[in-house]
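With chain A held as given, fit chain B onto it using these hints.
Going line by line, the protein sequences match chains A and B.
Position in the first sequence (first residue = 1) + 1487 = my numbering.
Position in the second sequence (first residue = 1) + 154 = my numbering.
No lab work stands behind these hints: they were computed from the structure.
Be aware that a few hints might be false.
Stated by the list, open to error - Below are the DMTMM-like pairs computed for lysine to aspartate or glutamate, each with C-alpha atoms no more than 25 Å apart in a straight line: (1) B:Lys210 / B:Asp250; (2) B:Lys210 / A:Glu1509; (3) A:Lys1566 / A:Glu1546; (4) B:Lys196 / A:Glu1509; (5) B:Lys225 / B:Asp203; (6) B:Lys210 / B:Asp238; (7) B:Lys254 / A:Asp1572; (8) B:Lys254 / B:Asp209; (9) B:Lys254 / A:Glu1513; (10) A:Lys1567 / A:Glu1509; (11) B:Lys196 / A:Asp1572; (12) B:Lys196 / B:Asp238; (13) A:Lys1566 / A:Glu1509; (14) B:Lys222 / B:Asp203; (15) B:Lys254 / A:Glu1509; (16) B:Lys222 / B:Asp250; (17) B:Lys222 / A:Glu1513; (18) A:Lys1567 / A:Glu1546; (19) B:Lys254 / B:Asp171; (20) B:Lys225 / B:Glu169; (21) B:Lys225 / A:Glu1513; (22) B:Lys222 / B:Glu169; (23) B:Lys254 / A:Asp1558.
Stated by the list, open to error - Which chain B residues stay away from chain A? Per the calculated CB distances, all over 12 Å, these: (24) Lys210; (25) Lys225; (26) His226.
By construction, the Cβ of each residue, glycine as well, lies at the ideal position given by its N, Cα and C atoms.
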Amino acid sequence: SQTIHQWPATLVQPVGSPLSLECTVEGTSNPNLYWYRQAAGRGLQLLFYSVGIGQISSEVPQNLSASRPQDRQFILSSKKLLLSDSGFYLCASSQGANYNSPLHFGNGTRLTVT
Amino acid sequence: GESVGLHLPTLSVQEGDNSIINCAYSNSASDYFIWYKQESGKGPQFIIDIRSNMDKRQGQRVTVLLNKTVKHLSLQIAATQPGDSAVYFCAENNGDSWGKLQFGAGTQVVVTP
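Next comes chain A alone, as it looks inside the complex (with noise of 0.2 Å):
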């Protein structure tokens, strides 16, 4: 089964500085990877995803920006934070490409920006 990593649990970045959390997938090879944001007491709201090496897609226009430069790491990178990037992240994978199969979560970032 898959596993997702994520780091760091908690962060506090002042406003203007750059950000920078990494996930690492284990489990599987060639996922689809995923990163979204939760506000407080709300759902998830997808960021970006990628099917492949170096394939981002983004879903919403945004301060933020994501890579993938290997095939189980997936990363998402601000070079200046705003007040509204605080949220809690969350990195998910799921398997290959083309078929509906459940998305697995890591235990995602709380990222305070003050």
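Just chain B, lined up with the frame of chain A:
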């Protein structure tokens, strides 16, 4: 726009009773649905999924029912336990097979002794 939503934001259930969590969806193109459980400070945990060619699927103590006629999805938990206290999300794929899910707002389930 089309969306996934939940009827009840909070559900209080007595330990040992059965729980029913409801979800409405409006995108008729959706053909894959998933229920997730999220405990405080953790990522969502997969519970059960169902495809549109089925109307019922059972797992361990859980049953998902899909009514395509009225675009309604439900999760039934049998003999609810304290460990079932969590937020439950339904998600639909909007007809997309690449795993891009749209999530509802969630239902908080509170199990009382």
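Given the hint that lysine 225 of chain B pairs with glutamate 1513 of chain A, test it: the Cα-Cα distance must not exceed 25 Å.
Roughly 36 Å between the alpha carbons, so the hint for lysine 225 of chain B and glutamate 1513 of chain A is violated.
Beyond 12 Å on every Cβ pair: is that true for histidine 226 of chain B relative to chain A?
Correct as stated: the minimum Cβ-Cβ distance to chain A is 18 Å, above 12 Å.
Compare the distance between the alpha carbons of lysine 196 of chain B and aspartate 238 of chain B with 25 Å, and conclude whether the hinted pair is satisfied.
Distance ~14 Å between lysine 196 of chain B and aspartate 238 of chain B Cα, so the pair holds.
When you check the alpha-carbon spacing of lysine 225 of chain B and aspartate 203 of chain B, does it fall within 25 Å?
16 Å, holds
Please verify whether lysine 254 of chain B and glutamate 1509 of chain A have alpha carbons no more than 25 Å apart.
20 Å, holds
May I ask you to check that lysine 210 of chain B keeps its beta-carbon over 12 Å from the closest beta-carbon of chain A?
Correct as stated: the minimum Cβ-Cβ distance to chain A is 18 Å, above 12 Å.
Assess, step by step, whether the Cα of lysine 254 of chain B is no farther than 25 Å from the Cα of glutamate 1513 of chain A, and give holds or violated.
20 Å, holds
Satisfaction of hint between aspartate 238 of chain B and lysine 210 of chain B, Cα-Cα up to 25 Å:
At roughly 21 Å apart (the allowed maximum being 25 Å), aspartate 238 of chain B and lysine 210 of chain B satisfy the hint.
Hint consistency between lysine 210 of chain B and glutamate 1509 of chain A [alpha-carbon to alpha-carbon, up to 25 Å]
38 Å, violated
Against the 25 Å threshold, does the CA-CA distance of lysine 222 of chain B and glutamate 1513 of chain A hold or violate the hint?
36 Å, violated
For lysine 254 of chain B and aspartate 1572 of chain A, compute the direct alpha-carbon distance and say whether it is at most 25 Å.
21 Å, holds
Holds or violated: lysine 1567 of chain A with glutamate 1509 of chain A, Cα cutoff 25 Å?
Judged against 25 Å, a Cα distance of about 17 Å means the pair holds.
Checked against the numbered hints above, the structure breaks hints 2, 17, 19, 20, 21, 22 and satisfies the rest.
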